[in-house]
Amino acid sequence: MEPVHHELAGEPTFAPMIQIEMEIKTFVSAWRHCDYVSTYMARMISQNRSDSVRHSNLFSSAFNELLEVAFRSRHGDGELACRVSRHGATDRIELTFPCVPEERQFYEEAMSQATGTEARERYLNSVSGDLAPSREIVLLELAVDYNAILRVEEADGNAIRLVVDLPLEGLRH
Amino acid sequence: MSPYDLLPRFKAQYDANNQEFSISGVVRPQAIDELGPSIALLRGAIDRVRGVLYVNVRRLTQMNNAAFHAFSRIIIDACRARPDLKFVVITSSVVGWTSRKFGRLSGIEPNITIEEYDSEFYPGQGFLEEGGFVPILRSQTKMTWRHERAILPRHGMRQGIVMADICCGIGDFAVLVQKEFQPARIVALDHSKSSLDYARQVMREFDIRGIEYTYGDASEMLLDEAQFDLVTCRHSLQIFNRPELILKELYRVCKPGGRVYITNEKNSHCLGEPRAESIRWTYNEVAKLFGHFEMDVELGPKSRRYLMEAGFEDIRVETFMVTNLDGDPQDFADIIAAWADVYAGEMATRRGDGPEFVARFRQGFQDHIFAALHPKGYAGWPIWVASGRRPQ
Ligand SMILES: C[S@@+](CC[C@H](N)C(=O)[O-])C[C@H]1O[C@@H](n2cnc3c(N)ncnc32)[C@H](O)[C@@H]1O
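Quick mapping for you: the protein sequence lines, in order, are chains A and B.
Position 6 of the first sequence, counted from 1, bears residue number 461 in my numbering, the numbering being contiguous throughout.
Position 371 of the second sequence, counted from 1, bears residue number 376 in my numbering, the numbering being contiguous throughout.
Do not take every clue at face value.
To be verified - Quick list of the computed label-pair ranges, beta carbon to beta carbon: (1) A:Ala587 to B:Ser111: 16 to 24 Å; (2) A:Glu573 to B:Asp82: 22 to 30 Å; (3) A:Lys480 to B:Arg55: 47 to 55 Å; (4) B:Pro158 to A:Thr481: 43 to 51 Å; (5) A:Tyr495 to B:Ser111: 54 to 62 Å; (6) A:Met472 to B:Pro261: 25 to 33 Å; (7) B:Ser111 to A:Glu573: 19 to 27 Å; (8) B:Met313 to A:Ser484: 42 to 50 Å; (9) B:Gly41 to A:Pro471: 37 to 45 Å.
Think of the hints as simulated: they come from the structure by calculation, not from any bench.
C-beta: ideal position from N, C-alpha, C; glycine also.
Generate coordinates for the entire structure from the input sequences, incorporating the hints supplied.
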């Protein structure tokens, strides 16, 4: 087994790359905003990756799923904020949006399961299952197909923050 | 409605002759109903085929989980209902997530297999993507650059433009352009990973900025439409058995009003004095040899027609001749020696040529080198440059 390295000084520093904000009402007014935002941000942050075009395609693919999940949440008023920062080969997406308490609980559970060892098997079962993929499965897929690491953070007000670390630069297909 | 809504974002087709269902573009529906016609098409295809249904997703750039699940379900259900049916999903190694995601399906149903299609694009691929060509390309670019640096401004090259070099090889041309013309951005695409690795290493070592190397397939690029002022594609249309498909892509990524610039050869027109006859014979044979592998190294003078047929306007064509008088004659001789190595070596062997033919074939190259290095000799390699403007 590989030894596990812990950063001595705690969290590595992620350098901010880009951030956009909009009213959540505006965001959910049209489904294609997910596609717009993911495509635009992917293009902006990929320019200095070793293969910008492919990185952008992969990043957009993962980020769009996350935005679709946020789109389908039940939320109150407030802002949606997307922030991308970088540490080496890993890009971190932080998606902050207002949400009702039950939703918060849902995300906490979903995120913890996405990190579990059975994640892969559950994902496979869902592909062969009858139901359209739930939001939980979509998050699971990020872990399974993109090696993403997911967690939930508290945010100010009635907001929640999904933090997704995507090691796309190192992902080999 | 914004123009965005009017653009078809994806396309599904069924080709009954090849039993192939293909879906391409960006498939990110909110609700599955939006996929209705495509799903009906896939179901219809499944009902009609026998044996194997090919599901071609190599031009699929994006597909969300909702859509993926909808299509997967139909395929998985069909496997269960009809054990006689096999599915072959054709993905592209260029679109990173497709092989992974569709690959899962073969773990669920053994009758589903996944093939990455781009291991074989065109018949001559083996020769060109392997290491053997690198030294050839290197000396070629050094020789052609002397001419092209003066020619390029007549075909839309200027400072500050956004450009792409498609089939960039080891990237020498992009680097030279970057230094000489300082475009704002260069995207350089090739399908040889080893060439790109090499190009990236050069970029790091010489601290060159502004070039983005990307792995891709020139006939199906991930690049967005209408984004480049100038798209160059050098010595490459001639290696594809269907150059018009590549041109279509070059057109697509070029901005309206921007230009596409191509260079190609007509190998049978390589010449030299003395020993003209032997040289001419050999280069005629070069053209036939490439023809055997479905590559048209006689394409140069056909550039005008190809550009017109692809829809370009304001077409400009010119030629230049790389000769032994351009700097050091030894450079010219080195190119010929490298050609002789590959053409009279691996390629002739693969075609099954006998020793007698190969000896005579080689002699022509030797005579060309002789002409190049002869104090009173002259040796030439003609190149056709052509460019066209994408209409506004
Ligand atoms: C004859 S070389 C020309 C290279 C370069 N433009 C030059 O002039 O030195 C052809 C190049 O096309 C690349 N190539 C072949 N098939 C390709 C494809 N489908 N997509 C992108 N590049 C391809 C090869 O890897 C090779 O680098």
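Hint check:
no.: 1; hint: A:Ala587 to B:Ser111: 16 to 24 Å; in the structure: holds (22 Å)
no.: 2; hint: A:Glu573 to B:Asp82: 22 to 30 Å; in the structure: holds (25 Å)
no.: 3; hint: A:Lys480 to B:Arg55: 47 to 55 Å; in the structure: holds (53 Å)
no.: 4; hint: B:Pro158 to A:Thr481: 43 to 51 Å; in the structure: holds (46 Å)
no.: 5; hint: A:Tyr495 to B:Ser111: 54 to 62 Å; in the structure: violated (34 Å)
no.: 6; hint: A:Met472 to B:Pro261: 25 to 33 Å; in the structure: holds (31 Å)
no.: 7; hint: B:Ser111 to A:Glu573: 19 to 27 Å; in the structure: holds (21 Å)
no.: 8; hint: B:Met313 to A:Ser484: 42 to 50 Å; in the structure: holds (46 Å)
no.: 9; hint: B:Gly41 to A:Pro471: 37 to 45 Å; in the structure: holds (42 Å)
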